[in-house]
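**Q** Chains as they are written, first to last, in my numbering: chain A, 4 to 358; chain B, 4 to 358; chain C, 4 to 358; chain D, 4 to 358; chain E, 4 to 358.
Just so you know, the hints here were simulated from the structure itself, not pulled from any lab data. What you are looking at is a predicted structure, and each value in this text was computed from that prediction instead of being measured.
Same chains, same label: a pair holds when it works inside one copy or across any pair of copies.
Below 30 Å or equal to it, Euclidean Cα-Cα: the simulated DSSO-like pairs (lysine-lysine) are:
1. Lys197 x Lys216
2. Lys105 x Lys85
3. Lys105 x Lys29
4. Lys49 x Lys85
5. Lys105 x Lys227
6. Lys105 x Lys253
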Amino acid sequence: MAKKRNKKYQKKIGQIPGTVIYTGEKSTRELFIEVFNYDNDNYIEKDFSNVEECFDFRQLDTVTWINLNGLNHVNQIEKIGKHFNIHPLVLEDIANISQRPKIDIYDDYLFVVVKMLYYDANENIISEQVSLILGENYVLTFQEAEGDVFDSVRGRIRLAQGRIRTQNADYLLYVLMDAVVDHYFSIIEILSDKIEDFETDIFSGNVRDHLNKDIQDLKREILKVRRAIFPLREVISRIEKHESPLINRKTITYYRDIYDHLIQVVENIDIYREMIWSLMDMYMTSISNKMNEVMKVLTIMASIFIPLTFIAGIYGMNFDYIPELHYKYSYFILWGVMVVLFIAMLLFFKRKKWL
Amino acid sequence: MAKKRNKKYQKKIGQIPGTVIYTGEKSTRELFIEVFNYDNDNYIEKDFSNVEECFDFRQLDTVTWINLNGLNHVNQIEKIGKHFNIHPLVLEDIANISQRPKIDIYDDYLFVVVKMLYYDANENIISEQVSLILGENYVLTFQEAEGDVFDSVRGRIRLAQGRIRTQNADYLLYVLMDAVVDHYFSIIEILSDKIEDFETDIFSGNVRDHLNKDIQDLKREILKVRRAIFPLREVISRIEKHESPLINRKTITYYRDIYDHLIQVVENIDIYREMIWSLMDMYMTSISNKMNEVMKVLTIMASIFIPLTFIAGIYGMNFDYIPELHYKYSYFILWGVMVVLFIAMLLFFKRKKWL
Amino acid sequence: MAKKRNKKYQKKIGQIPGTVIYTGEKSTRELFIEVFNYDNDNYIEKDFSNVEECFDFRQLDTVTWINLNGLNHVNQIEKIGKHFNIHPLVLEDIANISQRPKIDIYDDYLFVVVKMLYYDANENIISEQVSLILGENYVLTFQEAEGDVFDSVRGRIRLAQGRIRTQNADYLLYVLMDAVVDHYFSIIEILSDKIEDFETDIFSGNVRDHLNKDIQDLKREILKVRRAIFPLREVISRIEKHESPLINRKTITYYRDIYDHLIQVVENIDIYREMIWSLMDMYMTSISNKMNEVMKVLTIMASIFIPLTFIAGIYGMNFDYIPELHYKYSYFILWGVMVVLFIAMLLFFKRKKWL
Amino acid sequence: MAKKRNKKYQKKIGQIPGTVIYTGEKSTRELFIEVFNYDNDNYIEKDFSNVEECFDFRQLDTVTWINLNGLNHVNQIEKIGKHFNIHPLVLEDIANISQRPKIDIYDDYLFVVVKMLYYDANENIISEQVSLILGENYVLTFQEAEGDVFDSVRGRIRLAQGRIRTQNADYLLYVLMDAVVDHYFSIIEILSDKIEDFETDIFSGNVRDHLNKDIQDLKREILKVRRAIFPLREVISRIEKHESPLINRKTITYYRDIYDHLIQVVENIDIYREMIWSLMDMYMTSISNKMNEVMKVLTIMASIFIPLTFIAGIYGMNFDYIPELHYKYSYFILWGVMVVLFIAMLLFFKRKKWL
Amino acid sequence: MAKKRNKKYQKKIGQIPGTVIYTGEKSTRELFIEVFNYDNDNYIEKDFSNVEECFDFRQLDTVTWINLNGLNHVNQIEKIGKHFNIHPLVLEDIANISQRPKIDIYDDYLFVVVKMLYYDANENIISEQVSLILGENYVLTFQEAEGDVFDSVRGRIRLAQGRIRTQNADYLLYVLMDAVVDHYFSIIEILSDKIEDFETDIFSGNVRDHLNKDIQDLKREILKVRRAIFPLREVISRIEKHESPLINRKTITYYRDIYDHLIQVVENIDIYREMIWSLMDMYMTSISNKMNEVMKVLTIMASIFIPLTFIAGIYGMNFDYIPELHYKYSYFILWGVMVVLFIAMLLFFKRKKWL
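If we strip away everything but chain A, and leave its shape as in the complex, we get (with noise of 0.2 Å):
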């Protein structure tokens, strides 16, 4: 994993400032570029595959999304950046998908950028990069695959559930960027479920080979979407002390709505990091316990057989003349003496509570 973020830095180092760069992995992806177009009564959908063909949309009074898959596709991107009139240091951070969620104020256009968050099949938490321009009256997305997190925006674009259809495009924007916050909450919910069973785990002594290092997995994930998602907070707070003239003073409302869920996020994910700390703890404390259990066991059964075989020992030695080896019953009195003594040291570690 390291190896490959190493790579991407690569790619860029020693790079001419503002040259569009892909640094990412999935480079023979397809180009697909959907545009939604729509006000209160009509809203039209189309899909494109070469960006020029959506610049008319531009032209509308109309508020107009355009969601651009594929960011191996650098000239499309380019293109759209001429287009919009877009710096090229923005195009180069599109592309350059290790960005640190980030917002940049321009004077007719605000740039975000926000991490994406899912698992794939194997379980590996994966960051995407979406980057948001919103414009007068266009937002455009940028996103290195198809996802479906905006699944439920297209929906209600075309449904004209909600507000949205009789709203302008900063409440676009928002109902994006909320799409994705949302998601973060079932990305919290698979790692409170993780650390659940770790505790399940620690706690009925089922101590697993890889424990110690499963646990430091969890950390590393726990660190990588507390990365992803703290400068975020940052990001709506900005939008919020409205620094800029594109977002409507009555929309920022629905961005504080943001920044409340974000802080719960924020809060959850600190309090499981909190956690594992304490799953470490535990941890060792668990290992402490089991070797204090071992040694108990090997100190009653040195400490009771011990003194016993070296009594047994001393019957056991040739000399000449030892008395006690002639009585009748001594052998009997020797098994008598032996299980008082058994006897006594069991009592000892009873009351030591070992036993």
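Chain A is already provided as a structure; the job is to place chains B, C, D and E on it using the hints.
**A** This is chains B, C, D and E only, laid out in the frame that chain A set:
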């Protein structure tokens, strides 16, 4: 527990913003609405089962407190919201019981979310959401179930105790929030008792099997309490800053009093957190100390008897010519040597302070 | 201890705000009121047992200090509050001894809460609340019991030592608070001594049974002291910022001096906290070191004698044909072999630095 | 390493401020000066070995970049400082290579110190100081030795790649700093690889002798990197705040890009720090687990054979009357008993999951 | 050490504010006053033993530096305070050597407290207080004992080295403070060396008896240094903010230089603190590793010889009928079995990598 919370989230993921959905579990709870209307001279107290019946009170100049229990009746919440002109996102937050404590300041009303904490019959801590809306001359409160935390407030209104009947709605909001915060002190008491019990257990050596897990559970409980109370400080702090004209400048002194109480609660919680860490430390140390004790017993037993057994072994050998075997007092001399060795060992361990 | 505090809370939970209730335990304490009235030339000192008798002093232009001991006499506090026109919440805070140190700035008086710390006869740290009210030309102080921390101030007024008699009431407030803060240094001394004692114990190997618990107790003590002193910094800092006209600009230099002292105290406390953590670390390390030593003794004894015992066992076997048994010098050769083995073992452990 | 740094300090202690002293070790390095002078249409590139020869370029309107390698030639630095009217303290800082990254804003020039990081042949991380001065239409750079980090910049100037030839000196400063920051990503890669290697080692049980020390060394390496990179954030942040008129408002967008990269690097470093802590944790846990395994083997062996040996000892005794000795099948019955005991023990340990 | 500090406090507790009391221990130190008076062309240097003799210098336009050694002569400090019109609290602070580094800005002078650090003959770190007062055209310095940290400054004045003779009193203050801060670097060197020594000791396995304690002592030393240096940053930072007209705007550049040095020192100290924690970690790990090694030796010895001894015990039994005893080659066969067992064990431990 975690499983439950997850389900809460799931109900919300992908929903249209502004949809009022009850995310809790008490979905068969009956609706119960009570209204208090009072001024210095008179007061009216009535119960209703339909929210529309109490809309008339709004017209009056006197202070009106409408307390709605049963968040599952979302249509009632929507009706009341429409009548009092509340933003749809606020209604959504009222029904969504996984909110953090917060304050949203609107032009003509304040929306406050607080958490009421109590222990249920199984000693599990329960955090119930209470939403409060302060308008010009009314306070609306929304609870999942009818609690008794507001009982003292009801009593004061009925009997005109203290200043309550001579003051406006902003003072009523203060009294209600104060009742919630006062209740936190009883939580603090229980936490303090629990910690004390653990301490006694650890120091008395009464290290139960599940102590480890129990401490972790308490840690999590404290985390939960902290999370319910912490954000409230900012809520009060924003009220104190006089951001809304609905709060009279003279009433702010009273909110400062709540703030002081909150700081006290939060400080206690933070101290308990540190104490829990200390408990874990002491627990680990006591395990190590136990291990040490076990090892000492083993070492003493083995170190004393292994050499003696060796000596016995020597004279158990069957060599034809072992001169000592044939001396008359060999056996008794050997016993003497062994006793001396035994005592020397004991002194050695005594000096090492292992005995 | 914790149990006590809890009861304090309980007295307050559910009370009407502004109700003056004594939450402490010294409820049979007699009331004792002393009054100092002075200017540059004269001074009067009188004791009273009813607060009304001393109200005449308020009219005078000279500085008046009314010191009330016995917070259980809440009606007296209410009387004085009414006479001096103090807000009911302030009176409530005076009697509620679980306040944090704080300053409340009202239009015509300042209300300051500080904590006086001292050790009782059982070496337990006691934190007693002292409330101070600074008005135009008077200072009121409220204590649970008559303490001796203000003795030096009394002396200075009587003998006109220093600047006190030439200054106003704001200087008197400074002198009283300075007396409290000065006293903290003696607490610091005792804490420092205790830490040193623990260190000596741990390094001298004199690891008493309850060392673990004692260290935790000291930790808690330091926490308690910190909690009593920490918030005071903000109190002084707000006075320094000249938020109230009652404090003369020239007197502020003196408050800055208190601030410096406070920072010194707080710094020391934080260093002690770190030292306590180090102590725990050293204690754990010393336990591990001890365990190591125990293990070494066991290992050396067992490793030396177990092989020798095996050899002895070999020649204790009863096989008909063991040729070595019949050689004349077998026994002595065997002894030789064993001694060589013994010395080899010793050298081996020597090289490993276990001896 | 530490020894070296100390010597650096010693050279400076007690010196008169403003004295230009080279504190590094490459004191026999030859001076090497290269000059680039360009505008949109032309560019000149020349090498010199005396700084005075390149003073003529200052008069030109075109952008001039003077790159001086060899800080040991302090008189050359002083000459260039005099010519460009640089403050003596700045010259002192250029030659004193133990500076932190910082920016000093003077009226007619900016002074920036950054750290270039690379690994030498022995895999040790080297931090080399690069000082940059931005004037009206020139950039001066000072390096200890001629590095290759600026190679890509040279290339871009020569081939007029990107925007560089069309922009002013402030853009050149950006390009140079960007080259340095870009290079940090390769450091990040190596650190990431090292951590991964340690992890693999620990989990594969391949716990080398010096793992402990190696982890500590890596920790220190990360600390060193962090220290070189962290303060740079503030440098860029101050440039962004447009504190100096030398930086064009349009160029600031580019600096914001560097800032984003820096945050990415710093975030990675902080994650690596946490991972190192986790590594130590896992290492400790793996040691404890090993100990546990060792103890189990010992306990199993001892617990099984010590009782059996005791039984054998019993029948090795020489009492005259031990009835069992004379029964015909005693020996075989005893073997049976021993085998049963042996199996019982195995089952006991199996149930305890030690086998 | 702690005991000493405590006594210092005791001298002050309960004192009237503004009383000048020497709280140190060098109470028999003789008074020593030296005066430098200089401008660009001339300089006078004189020693006095009574402070009144040097009051004439104040009238002169030239810069005057009065350096007083011997804080026990409090009446001399009071005289000088009266003459230069210094606030009594400042004089109290000069004599009270437990001050934190701080700056107090008065209308016509600045009061600065710094700590000079050095190691005494016993390798204990000593922190000596130096108070500096900057007036219109004079600097007063107060030291407990005559130190040599200002020697380089004396030399520069005498020989007119650098800018010192051409500048005002604010530059002299800078030079004096710079001398103190420069000296910190030598402390840093010694700390660095000490840490390196500990590391070498731990890794070479040369774990001395008192290593634990020595590390804790170093930790405390670092704490002490940190405490003496940390607050100085704020002192310089307030000078930089140009809060006082006594500091010329051009001189501030020089103070910024001190600030950079301080940050360097503080950063190093913080790194050392982290390294100390790492040292403790490594120490703990090395103890655990040692224990592991001890346990392995024990386990190998016991596991090999206990079964063999058991076998020998079997054939030492005295049963009448043990068929093996009478076969001719039994004894040799048994030896063979034992050797095989022995080798099997060795291979087993080899595979477990314990050998």
